[in-house]
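Which chain is which? The protein sequence lines are A and B, in order.
Here this note's numbering is used: the first sequence runs in plain steps of one and ends on residue 110.
Here this note's numbering is used: the second sequence runs in plain steps of one and ends on residue 539.
Don't take each hint at face value.
Claimed, not checked - Taking lysine-lysine pairs in the DSSO-like style, the calculated list, with each CA pair at most 27 Å apart, reads:
id : chain 1 : residue 1 : chain 2 : residue 2
1  : A       : K27       : B       : K498
2  : B       : K447      : B       : K498
3  : A       : K27       : A       : K69
4  : B       : K486      : B       : K447
5  : B       : K500      : B       : K486
6  : B       : K486      : A       : K51
Said to hold, decoys possible - Only part of the chain B face toward chain A is listed, based on derived beta-carbon distances under 10 Å:
id : residue
7  : A431
8  : V433
9  : Y439
10 : K498
11 : P532
Just so you know, these hints were derived from the structure itself, not from any lab.
Here a beta-carbon is modelled for each residue, glycine too, at the ideal position from N, C-alpha and C.
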Amino acid sequence: QQPVQSPQAVILREGEDAVINCSSSKALYSVHWYRQKHGEAPVFLMILLKGGEQKGHDKISASFNEKKQQSSLYLTASQLSYSGTYFCGTEISARQLTFGSGTQLTVLP
Amino acid sequence: EAQVTQNPRYLITVTGKKLTVTCSQNMNHEYMSWYRQDPGLGLRQIYYSMNVEVTDKGDVPEGYKVSRKEKRNFPLILESPSPNQTSLYFCASSFGYTQYFGPGTRLTVL
């Protein structure tokens, strides 16, 4: 079953923060986050494994709440280059990824 | 250069005409996968392969076939394409958790 992402779209000004949420109705083994720019292939950002760890990548970080089967992606001090569509992918069984429908992020100057 | 390649990049065909989309990776990855991407639905996994001769169904396998005879290649076969298979297709490979996606194949079935 496809995870639910929210919001579907968000518009920010450069320097503002954003949070993208991903929730699943099933017990998760891991959560993956990808970013896709228009006309390009998705690019891996990070993975969070069962255990509730938080990870960071420059000014982008994420958390995984294992009890709630939810993950959140945090974008701090957004840059123009952060624009794109963000997908979470959930892994219930080994290596079978199910992606959410995406969150379109637009960063304006 | 480490990469995943797909061919063709664009294809327009007619209903029922068998076609194959090739996927090749030069990173010696064991895991490969096929996805289709449709507006509002995100990426949906069609098939994946954990290694040579090992393939398994993803979320939307109906109407597709795959084979994995060599580690580097993972072709996607549509034996009798239908208009509802019009989509953007991505192949991906991975070692560990990071998936590397190919550039995509835009398929139109008339």
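Tested hints:
As the CA atoms of K27 of chain A and K498 of chain B are separated by approximately 34 Å, the hinted pair breaks the 27 Å bound. A hinted pair counts as satisfied when its Cα atoms are at most 27 Å apart, and K447 of chain B with K498 of chain B qualifies at roughly 20 Å. Note on K27 of chain A and K69 of chain A: the hinted pairing holds, with a Cα-Cα distance of about 10 Å set against a maximum of 27 Å. With a C-alpha separation of about 20 Å, the suggested pairing of K486 of chain B with K447 of chain B holds against the 27 Å cut-off.
With a C-alpha separation of about 18 Å, the suggested pairing of K500 of chain B with K486 of chain B holds against the 27 Å cut-off. Between the alpha carbons of K486 of chain B and K51 of chain A the distance comes to roughly 24 Å, so the proposed pair stays at or under 27 Å and holds. A cut of 10 Å between beta carbons decides the hint on A431 of chain B: the least distance to chain A is about 13 Å, and the hint is violated. Because the smallest distance between the Cβ of V433 of chain B and any Cβ of chain A comes to about 8 Å, under 10 Å, the interface hint for this residue holds.
With 10 Å as the threshold, the beta carbon of Y439 of chain B stays out of range of chain A, its nearest partner Cβ sitting at about 13 Å, so the hint is violated. Interface restraint check: K498 of chain B against chain A, minimum CB-CB distance 20 Å, threshold 10 Å, status violated. This hint holds: P532 of chain B has a C-beta 6 Å from the nearest C-beta of chain A, less than the 10 Å allowed.
Checked against the numbered hints above, the structure breaks hints 1, 7, 9, 10 and satisfies the rest.
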